[in-house]
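Peer 1: Numbered continuously in the working numbering, the sequence shown closes out at residue 281.
If you're looking for bench data, these hints aren't it; they were derived computationally from the structure.
Careful, some of the hints might be misleading.
Listed below are the simulated DSS-like cross-link pairs for lysine-lysine, each with C-alpha atoms no more than 25 Å apart in a straight line [to be verified]:
(1) Lys225 to Lys159
(2) Lys195 to Lys159
(3) Lys105 to Lys225
(4) Lys159 to Lys245
(5) Lys180 to Lys212
(6) Lys190 to Lys159
(7) Lys118 to Lys105
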Amino acid sequence: MARVLRVARSSSLFGLGSRFYSTSAEVSHASPFLHGGGASRVLAKDRNVQWVFLGCPGVGKGTYASRLSTLLGVPHIATGDLVREELASSGPLSRQLSEIVNQGKLVSDEIIVNLLSKRLEAGEAKGESGFILDGFPRTMRQAEILGDVTDIDLVVNLKLPEEVLVDKCLGRRTCNQCGKGFNVAHINLKGENGKPTISMDPLLPPPRCMSKLITRADDTEEVVKARLRIYNETSQPLEEYYRSKGKLMEFDLPGGIPESWPRLLEALRLDDYEEKQSAAA
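Model the full assembly from the supplied sequences, consistent with the hints where possible.
Peer 2: In structure tokens form, the structure reads like this:
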């Protein structure tokens, strides 16, 4: 049986429309893909979910965060998008960011959190309630700064074996005309030692994009493995930080979107929520 999350504070309750949920030790639902968490229904009042999605490069954080964003009616916020939007604007940080990016330096934690704070304030002013953060925080320091800015209810850590992540990253392609992303990798990892078989079909482009596909310059096996190694080194203390607070849910993706999406909804206790949303539509 999967071990489940415990909520440390009552502020970790969050509402989903007329149904309300919280991570809780009362959940007894078992899943071979879920480690450390589930969600049960409890009463709450104030707001919608405030979640973080973590995971190695190429695991699909943006894909699942975006889908949940649409389902729950909360914004999907990726800090990389915030940086790109600021660069394209005439805002006060635009010139400073341009210099940092052009010199190949990392954007500081302070700037990232500044952009995030501005985005959350703007969203609140527009009536947004809740959010799903994609890939932030990435370090302990960022997590501590984020904790001073807002409360986080749940941290979903998506997981895939390294060989699958490498194949996914090497299979990424972008159409240089429409800008859409695709993946040409066909993954079929046989299960062993109690681990499930993982199968993922390629996400192929339409014929009009086929001749216009390009590969990211840094999507080489050497660079991808280096990125994964660095991520694993920095993520371990971050995962332990949220685990100690009872907020970490680790989820082993069983395959591509068709297999993983319903399993993830089930783990989050949102499977019936999606059905009712579809019925209402």
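Peer 1: If a hint holds in the structure, say so; if it does not, say that too.
Peer 2: Here's how the hints hold up against the structure:
1. Lys225 to Lys159: 15 Å, holds
2. Lys195 to Lys159: Judged against 25 Å, a Cα distance of about 13 Å means the pair holds.
3. Lys105 to Lys225: 21 Å, holds
4. Lys159 to Lys245: 20 Å, holds
5. Lys180 to Lys212: 11 Å, holds
6. Lys190 to Lys159: The given pair, whose Cα atoms are some 16 Å apart, holds under the 25 Å limit.
7. Lys118 to Lys105: 22 Å, holds
Figure legend: structure checked against the earlier numbered hints; every hint is met.
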